[in-house]
Amino acid sequence: MQPSRDQILTDFLAILRSLSDDWEYSGELNEKTCLIADMGLESLDIVVLGANVQAQYKQVLPFSEFFAEVGQRELPDITIGEWVDFIHEHLSAQPILESKEGVAA
Amino acid sequence: MKPRTVLIGLDGATFAVLNPLMQDGTMPFLQKFVASGTHALLRSTIPALTPPAWTSMMTGRSPGYHGIFNFFGKEAANSAHIRLLTSNDVGAETIWSYANRHDLRATVLNFPLTFPAPHIDGQVVAGGWMPWRQLRLGCYPPELYDRIKTLPGFNPREIAMDMAHEEKALEGVQQEEYEGWIELHTRRERHWFNVLRFLVENDPTDLITVLFDGVDKLQHLCWRFLDPVYAPTLTEAWEFRVRQQCVNYFAQLDGLIASIVELAGPDATIVMTSDHGFGPQVRTFFVNTWLQQHGYLAWADGEGPRPSETSVLGMKQVARHTYQLDWTRTQAYASMPGGNGIQIVRADADHPYGIPDTEYDELCAKLVAELQQIKDPETGEAVIAAAWRREEVFVGPYHDMAPDITLELQDGGLFSILASETIVSPRRPPTGTHAPDGIFIAGGPDIRRGVELPELSILDIAPLLLYSLDLPIPTDLEGQVPSEAIEPSRLIRQPVHKVTAEPKAAVVAPEVGFEDESGLDEEDEAELMRRLQALGYVE
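Quick note, the sequences are listed as chains Z and U, same order.
The first sequence runs 1 to 105 under our numbering.
The second sequence runs 106 to 644 under our numbering.
Chain U extracted, bound-state conformation:
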């Protein structure tokens, strides 16, 4: 048996990096694949962040409907406590679950929000924030870990998350550490390929999904070595060596992609996507410092968490804001790194000094207006490109679990939640950061050849994958099958078949604030959907 559909995820991949690497011969397979298939830009979610974006890709639902806005989530709508989100928090059906319900099996490798591993008919090795010491718990079926650990060269410390390595990515590496760090990610991708090959050869499933996340990690740390714009700034021998290691990573990745396509065979539909694009981050915006200086936030010790504090994710980072903020004088704060989200403290029994409901709208409007006035003191540029209130961008039953305000920074970057002497500081040299436009590349016997499409939505991928498996498309998926990517003969043979989504009876939410409290009537929802469509996030 051969897989019918293969999704190859390239976390953070952007044509801005891939096109030059295809043109200079570093990625010859990808170049041929693009030329012989269909490609397009792929619009990410708001925020353009790994957990909400991959979850939207795998469910066909926007964050307000699946409930994943960040790596972390609030414990309840107005809770200051946050926790690491898990597979249990995904509030919409994934394509692998849907495929199972239609008697198709699936393989899921290295995707975020798959721990604890869902009990699907197929195989799961969890990704995302999956510590290597607990990778066994991230495998399903449970005996899968014992099977893959016998693979030649298998190293759980390299294939899963080792905080000793992640710390480097977060804090930056020394000049002499770059090459080893890039080599680690090159080996890591090969480990994932080895697992995939083992499963395809020994227990193939109908749908194969695998995520290579080194692209994102390299681009965060090594943007100036990858972006041709910064090539003239590379002058020293070590910088050219780092550049060469980055190029080698992509060359190796090209080989792995070629091998996966060969393993899948000529009849498979191959889809390659990224969850978001990438670009340079030229400054750091310290959002909590801005909130403090404008009277919206107060630190209990007067100073707040300093940049010198460890940024290693763990217990302290999940909890420290709860004791570092002065809750009698804080109206707004950001507790979660990554999602550019600001929370408003709403008055209730736990937060007697919070904002009363009657003042909430006024405060949000004031904050949005003031945030958009922030200028970079060096360049005079606006720091904030857009500030959205949650009702503007997060429709759905999990709307009240979203941040009250979500920012898009002018350079596409992610703000810092640490305290600082200044509100804005330059990043020299720039690092890489997320951008809204990712990639879509598809190939196979039913995919049109040599076609470039206008931008697609990340919400279009789940319908496409289901269509490629000959499955009906539930009407509650928010995207569309991109029929321009499909050979007309296939569309005639197999028109897109939509079915009424099954009632949510099977979906049981925990009793901790996940009820539908959006308070939106049908007219409100329709208006919000129109806004999302105007923004290009919903077809």
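Chain Z with its partners taken away, still in its complex shape:
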């Protein structure tokens, strides 16, 4: 079943909270929080987060198109709300990404 936008937001905030504890980020985490400007993430962090999202939902999402659009902005950054919108818009109901090796990831 396709997760709701609220579920996607809840999932993503949970990941960010567990990770941000590791680098002692204590700022707010809400839909307006910017991943780079507020949380201090680096561009590669966002690329890797995208890979993790695909593994989590077992779907290939068009992140490179998304990053191409973000990369052309005057200030390349993404809010948590935008991230969630992107995932919600592109997730389909049926998981299609499996580990090719046959080992669950």
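Read the hints as simulated data drawn from the structure, not as lab findings.
Treat the hints with care, as some may be off.
To be verified - Below are the EDC-like pairs computed for lysine to aspartate or glutamate, each with C-alpha atoms no more than 16 angstroms apart in a straight line: (1) U:K254 - Z:D21; (2) U:K107 - U:D455; (3) U:K254 - Z:D22; (4) U:K254 - Z:E24; (5) U:K137 - U:D308; (6) U:K107 - U:D308.
Said to hold, decoys possible - Take a look, some chain Z residues computed to stay more than 10 angstroms from chain U by CB distance: (7) M1; (8) S26; (9) C34; (10) L91.
To be verified - To spell it out: a stretch of chain U is covered by chain Z in this simulated footprint if at least three of its residues, at any positions, have a beta carbon under 8 angstroms from a beta carbon of chain Z; those stretches are: (11) 181 to 189; (12) 239 to 245; (13) 258 to 268.
Here the structure is a predicted model, which means the values were calculated and not measured.
Note that CB positions come from ideal geometry on N, CA and C, so glycine has one too.
For this one, chain Z is given, so just place chain U on it according to the hints.
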């Protein structure tokens, strides 16, 4: 319990650097280990690059069969979009998965293409492009991160990737920054050793694999301080200090290797390998500039990405070519740094100005011929040593995910995808770059002593590791157990046992262009395998 087999990966290690360091007493343990075991050159993959090479080492399959050609991959066969490759993209079974299926457990530390961490019976701490802020996600079992973060001195910022540091490696460091940068990598290797020791002492597995990647990073940046050929060019005090820091790194590494061998105990088989060798890169070849000047590529803004643009890996680097190229006037381009691969734009609904199928072969042949004519304007030397069409070197179900043309540069280097005023520019002083011949060193009770073998293939390592674990060798592995490295008594006691590879039913590919569309029949494949054998990549 003690591990039965330990693989110590030394990314980019070359005997050209190690031999002098063994001879001058910097690496006394390695010197004794080499003398008491078996060693050989180890031929890398095409391209000689970390992701395809380690993946071939850990699967026993060539890139056309495992689908990893670079750090990045195309989203689909004819897609201009690229993405960072992950463990989910590895299309062949790894030795740790295979060991699990035979009830053996494995530990996997710091290998590329292990994020997200595979759910194996054992432990994984992912390496490669693993940002330190997300190292928790690279650990399996999930609670492993909380266990290793309590280790004395543990610092995720040092053990995983911190782009603030990586940027220096990519852009070069200032004179005063070399020593701190080398010290960081010296500490980093110790962090990985501490994790390994903790796991061996608390939850040992049958197969231990660990990768030390500082060797590659030091050699990229500090080649002239390491290669004895350039020793006469070192004249200033700071240069001698940097040289000494490099030597210290290798001395520390020697100590870590000795400690790992001691931890493993006298009954373990120890294998040390590198994914590729190293040598000096004396020039930079700006491939997209050459393509532009010869009418194959056009920048949307007329200029393209300049060397002054940040080279830090991230969103922009994954995507910028999609909007910086003029797709109505581009037939060929290189979008991925590292793999020396050129893509041809094929005509389809998304690329109406691309090359029709009927003109594809002609364009590839023309490009290959013209590329091989490029000369260094200063020396007159050919810049390109070889230009391969993908069907010449990439056999397998992922063949159409490979670049259309892959280059080997004369100096072994990696081309630049940035735009430039010139096609070729000298590198003074030279930096270090990849070379095809890596290292193989093995020791243990079943390994022959004091033997130097002819060159082995990187594809031979997976069969050897499986053999050392008393496991049968699947027939679809492309290499061979190097039986000349093994004591005859062991071979009599345990002959190499091959088993028919299991059908690929368990391997499920995503629906994004990874189907077998190679269009090769058995005869074609046999011919391609013969070519690969002739090139020395397949036994």
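Quick rundown of the hints versus the structure:
no.	hint	result
1	U:K254 - Z:D21	13 angstroms, holds
2	U:K107 - U:D455	56 angstroms, violated
3	U:K254 - Z:D22	10 angstroms, holds
4	U:K254 - Z:E24	14 angstroms, holds
5	U:K137 - U:D308	29 angstroms, violated
6	U:K107 - U:D308	10 angstroms, holds
7	M1	19 angstroms, holds
8	S26	14 angstroms, holds
9	C34	13 angstroms, holds
10	L91	14 angstroms, holds
11	181 to 189	holds (count 4)
12	239 to 245	holds (count 4)
13	258 to 268	holds (count 3)
Hints 2 and 5, counting from the list given before, are not met by this structure.
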